[in-house]
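There are 2 protein chains.
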Amino acid sequence: MNITVQKYGGTSVADIERIKDVARRVIRSKKPDQGLVVVVSAMEGTTDDLIRRAEEITPVPSEREMDQLISTGEQISAALLTMAIQYAGFPAVSLTGIQVGILTDDSHTKARIFKIDPRKIFELLDQDTIVVVAGFQGINLKKDVTTLGRGGSDTTAVALAAVLKAEVCEIYTDVAGVYTADPRIVPGAFKLDRISYDEMLELASLGAKVIQNRAVEFAKKFHVTLHVRSSFIEDEGTFVTEEVDTMSMEQVVIRGVTLTLDEAKLTITLVPDTPGIAAHIFKSIAQANINVDMIIQNVSEKGFTDVSFTVPRPELVKTKNLLENISGEIRAGKVTVEEKIAKVSIVGVGMKSHPGVAAIMFEALAEEGINIMMISTSEIKISCVVRAKDGERAVRALHQAFDLDRKQSK
Amino acid sequence: MNITVQKYGGTSVADIERIKDVARRVIRSKKPDQGLVVVVSAMEGTTDDLIRRAEEITPVPSEREMDQLISTGEQISAALLTMAIQYAGFPAVSLTGIQVGILTDDSHTKARIFKIDPRKIFELLDQDTIVVVAGFQGINLKKDVTTLGRGGSDTTAVALAAVLKAEVCEIYTDVAGVYTADPRIVPGAFKLDRISYDEMLELASLGAKVIQNRAVEFAKKFHVTLHVRSSFIEDEGTFVTEEVDTMSMEQVVIRGVTLTLDEAKLTITLVPDTPGIAAHIFKSIAQANINVDMIIQNVSEKGFTDVSFTVPRPELVKTKNLLENISGEIRAGKVTVEEKIAKVSIVGVGMKSHPGVAAIMFEALAEEGINIMMISTSEIKISCVVRAKDGERAVRALHQAFDLDRKQSK
Numbered sequence: 042m043n044i045t046v047q048k049y050g051g052t053s054v055a056d057i058e059r060i061k062d063v064a065r066r067v068i069r070s071k072k073p074d075q076g077l078v079v080v081v082s083a084m085e086g087t088t089d090d091l092i093r094r095a096e097e098i099t100p101v102p103s104e105r106e107m108d109q110l111i112s113t114g115e116q117i118s119a120a121l122l123t124m125a126i127q128y129a130g131f132p133a134v135s136l137t138g139i140q141v142g143i144l145t146d147d148s149h150t151k152a153r154i155f156k157i158d159p160r161k162i163f164e165l166l167d168q169d170t171i172v173v174v175a176g177f178q179g180i181n182l183k184k185d186v187t188t189l190g191r192g193g194s195d196t197t198a199v200a201l202a203a204v205l206k207a208e209v210c211e212i213y214t215d216v217a218g219v220y221t222a223d224p225r226i227v228p229g230a231f232k233l234d235r236i237s238y239d240e241m242l243e244l245a246s247l248g249a250k251v252i253q254n255r256a257v258e259f260a261k262k263f264h265v266t267l268h269v270r271s272s273f274i275e276d277e278g279t280f281v282t283e284e285v286d287t288m289s290m291e292q293v294v295i296r297g298v299t300l301t302l303d304e305a306k307l308t309i310t311l312v313p314d315t316p317g318i319a320a321h322i323f324k325s326i327a328q329a330n331i332n333v334d335m336i337i338q339n340v341s342e343k344g345f346t347d348v349s350f351t352v353p354r355p356e357l358v359k360t361k362n363l364l365e366n367i368s369g370e371i372r373a374g375k376v377t378v379e380e381k382i383a384k385v386s387i388v389g390v391g392m393k394s395h396p397g398v399a400a401i402m403f404e405a406l407a408e409e410g411i412n413i414m415m416i417s418t419s420e421i422k423i424s425c426v427v428r429a430k431d432g433e434r435a436v437r438a439l440h441q442a443f444d445l446d447r448k449q450s451k
Numbered sequence: 042m043n044i045t046v047q048k049y050g051g052t053s054v055a056d057i058e059r060i061k062d063v064a065r066r067v068i069r070s071k072k073p074d075q076g077l078v079v080v081v082s083a084m085e086g087t088t089d090d091l092i093r094r095a096e097e098i099t100p101v102p103s104e105r106e107m108d109q110l111i112s113t114g115e116q117i118s119a120a121l122l123t124m125a126i127q128y129a130g131f132p133a134v135s136l137t138g139i140q141v142g143i144l145t146d147d148s149h150t151k152a153r154i155f156k157i158d159p160r161k162i163f164e165l166l167d168q169d170t171i172v173v174v175a176g177f178q179g180i181n182l183k184k185d186v187t188t189l190g191r192g193g194s195d196t197t198a199v200a201l202a203a204v205l206k207a208e209v210c211e212i213y214t215d216v217a218g219v220y221t222a223d224p225r226i227v228p229g230a231f232k233l234d235r236i237s238y239d240e241m242l243e244l245a246s247l248g249a250k251v252i253q254n255r256a257v258e259f260a261k262k263f264h265v266t267l268h269v270r271s272s273f274i275e276d277e278g279t280f281v282t283e284e285v286d287t288m289s290m291e292q293v294v295i296r297g298v299t300l301t302l303d304e305a306k307l308t309i310t311l312v313p314d315t316p317g318i319a320a321h322i323f324k325s326i327a328q329a330n331i332n333v334d335m336i337i338q339n340v341s342e343k344g345f346t347d348v349s350f351t352v353p354r355p356e357l358v359k360t361k362n363l364l365e366n367i368s369g370e371i372r373a374g375k376v377t378v379e380e381k382i383a384k385v386s387i388v389g390v391g392m393k394s395h396p397g398v399a400a401i402m403f404e405a406l407a408e409e410g411i412n413i414m415m416i417s418t419s420e421i422k423i424s425c426v427v428r429a430k431d432g433e434r435a436v437r438a439l440h441q442a443f444d445l446d447r448k449q450s451k
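Residue numbers (the working numbering), protein chains in the order written: chain A, 42 to 451; chain B, 42 to 451.
Any given hint might turn out to be false.
Chain copies aren't distinguished; within one or between two, either way the pair holds.
Below are the BS3-like pairs computed for lysine-lysine, each with C-alpha atoms no more than 27 Å apart in a straight line [as the list claims (entries may be wrong)]:
(1) Lys393 with Lys184
(2) Lys359 with Lys72
(3) Lys71 with Lys183
(4) Lys156 with Lys375
(5) Lys262 with Lys359
(6) Lys156 with Lys184
(7) Lys161 with Lys393
(8) Lys183 with Lys161
(9) Lys393 with Lys261
(10) Lys324 with Lys361
(11) Lys156 with Lys361
(12) Lys262 with Lys393
(13) Lys151 with Lys261
(14) Lys381 with Lys151
(15) Lys361 with Lys184
No lab work stands behind these hints, which were simulated from the structure alone.
Modelling step: build the complete structure from the supplied sequences, incorporating the hints.
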């Protein structure tokens, strides 16, 4: 039996009408002799509403009870969707994490899946029943309800696809797939038919609303083919698979251009260039639970260096205060901040085998008169920090420089 | 270890503030070396809201999914109450029906409890943790969620009290206990300190809002002492226990006077007085799922008789139409209805050993000039149907006739 796992997010089941739409879509897609498992998130707003109630009771709700509480959101949407599928004329059954047997570790609110018992689901699929699974939740060995963290329903779907050896795991969302750039910024941006797991991970800022990175990592690890597609139209979306040879045939080096506007840059000047100083700075920042993205250390001059890095903008003030304390401790210079920055990135596995990609990027930006403030590179991604006001122009320039616009006609 | 089971209904946990109140009361009542199990209903309105959503999807929701859906109401209130107890400073854990192991039959939406696994609860009580159990729900052998029907949380509480051999099962509600009559009708009505299970059952119209009859039957069967009390004041309420000898010492024959205004009376005249005719009438009515209460058949005259009975008022039109069809079939006379009736009842185990109780009742009503339209008697209850407008006056007259008013000074 071919098995397909479908996952519908909170916006797809936001109200009763949308739940009915999803039910119709599920039934339309059901083929004879195909096992269909549908993973569903809570109705949009439900989880936040439950969290708000808990916070009215206590500023520090116990995580075990929080999971017990918020897991009801998915139980509700799963039962309602099942009723809608039944009403539309197909046998269906909803199952919660405890009923499936989705075993996780003890980390309430951010649990990791250990293993999934597929027997109950196989039993139902054998009866040609559509199985609707409440996403986002599992149980630990004590039968306490656990949840998998924000976006956990993606992980549920991918994990089920892995265990059930599904042909494909379809992630339904409100966009048509993964694009080469944000179409609101680049009119010539087009939907990618197929990308690799690694590209999907690096395109997170394009895809963040589409699927959680953790689920993509899971899919990569267990070789689950993902299909990111719209729940509003019938067209195919973007397949996320292993890196395949056919890709190089396309001669497309860069798969997408992304823009991130939610970071800020800090620089600490005149840092004594002695071993362990950088470690000291970033250990202190990590202890404050601040997530550092890009780090640049300038070339040392006369025993001193400048260190720059970016953090999420909401963390800027906190980081600045911390950094000023550290500067005192290590007898460094002043701390400067640049609030209005943009991070522009190009992503593509092709760049591994195509030298000169970085040069093309820098040249394209130079031609537009855009000043590069920071650069960082990974195997399949190059990022430049530029002034915020130059961000969109940079994306358009890069999209064109890497011949992505020409594909529009396709 | 002494164990107490407490049950709080939907109005007691209607909002966040009331949940906090319940948490404070739970902790105040907690004694050292006492095991405390708290059963909680869904927050007022939650269950109806969930049912409404299901009905927006389908007019005939599957009962299995309905149970999966509405059981979340108690899971939510249990988790929130547990958080509130923890915040108020005491260790607590919430458990759903599946987590406790409350095994029921397969009758979704009205399941019967088979057995309860007490191990998880005992384990937690041994750690001096307050255990908060989501009421109203269980699971069947397939691990499908089942619910116990309206008022099912009472049954959960009593069943847990039976299995845990609890000293008492406290039913918290918005009234102070069980009264000899509705205090809004009879100013001299007083709270009973103690009544028997059978009296509680017959006083249902006084106690219906207090505890479901099914739970009282369960308590009687398993010898669970009930304590019906207010969740708003500290005073003791009414204990419901076995029928005890001390009662007769009080010389109180009648324990309470009740008034029911939600029934209507139908009469079918000139029914041929042949065997099987009554059976035919009431079988047809039962098949239409109409609940008949009192039935009176007058003495036969010349081979014909009149049959009168009462039904819930909302069923009146349906019953009248049905009865007119039956009348045609059996060649009986016309069907008359009396919409505005009141049923006045006196209840007390004492009447078993006190002859003449009925006579006192009829005399008291006669003295008030109240005409009796129907009479029915059971071992511990006598009911009279009177005109609706005479109902309250009848209650007051009977309350006085059976010396219940004098107890007010107590």
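Hint check results:
1. Within a single copy, Lys393 and Lys184 get their C-alpha atoms no closer than 46 Å, and across copies no closer than 52 Å, so neither meets the 27 Å cut-off.
2. For a Cα distance limit of 27 Å, the shortest separation of Lys359 from Lys72 qualifies neither inside one copy, at 54 Å, nor across copies, at 46 Å.
3. With identical chains, the CA atoms of Lys71 and Lys183 are at most 27 Å apart between copies only, with a shortest distance of 26 Å across copies and 36 Å within one.
4. Taking the closest pair of Cα atoms, Lys156 and Lys375 never come within 27 Å of each other, the shortest separation being 51 Å inside a single copy and 71 Å across copies.
5. Taking the shortest Cα distances, Lys262 and Lys359 never come within 27 Å of each other, neither inside one copy (36 Å) nor across copies (64 Å).
6. In this assembly of identical chains, the alpha carbons of Lys156 and Lys184 lie at most 27 Å apart whether taken from the same copy (14 Å) or from different copies (19 Å).
7. In this homomeric assembly, Lys161 and Lys393 never come within 27 Å of each other (Cα to Cα): the closest approach is 44 Å inside a single copy and 56 Å across copies.
8. Within a single copy, Lys183 and Lys161 get their C-alpha atoms as close as 20 Å, and across copies as close as 10 Å, so both meet the 27 Å cut-off.
9. Taking the shortest Cα distances, Lys393 and Lys261 sit within 27 Å of each other inside one copy (19 Å), while across copies they are farther apart (78 Å).
10. In this homomeric assembly, Lys324 and Lys361 come within 27 Å of each other (Cα to Cα) only inside a single copy, at 15 Å, whereas the closest approach across copies is 83 Å.
11. Taking the shortest alpha-carbon separations for Lys156 and Lys361, neither the intra-copy value of 43 Å nor the inter-copy value of 61 Å comes in at or below 27 Å.
12. For a Cα distance limit of 27 Å, the shortest separation of Lys262 from Lys393 inside one copy, 21 Å, qualifies, whereas the shortest one across copies, 77 Å, does not.
13. For the homomeric pair Lys151 and Lys261, the shortest alpha-carbon distance inside one copy (20 Å) is at most 27 Å, but the shortest distance between copies (46 Å) is not.
14. When the C-alpha separation of Lys381 and Lys151 is checked against a cutoff of 27 Å, the pair qualifies neither within a copy, at 32 Å, nor between copies, at 62 Å.
15. Taking identical chains as interchangeable, the C-alpha atoms of Lys361 and Lys184 are never at most 27 Å apart, the minima being 44 Å within one chain and 54 Å between chains.
Checked against the numbered hints given earlier, the structure breaks hints 1, 2, 4, 5, 7, 11, 14 and 15 and satisfies all the rest.
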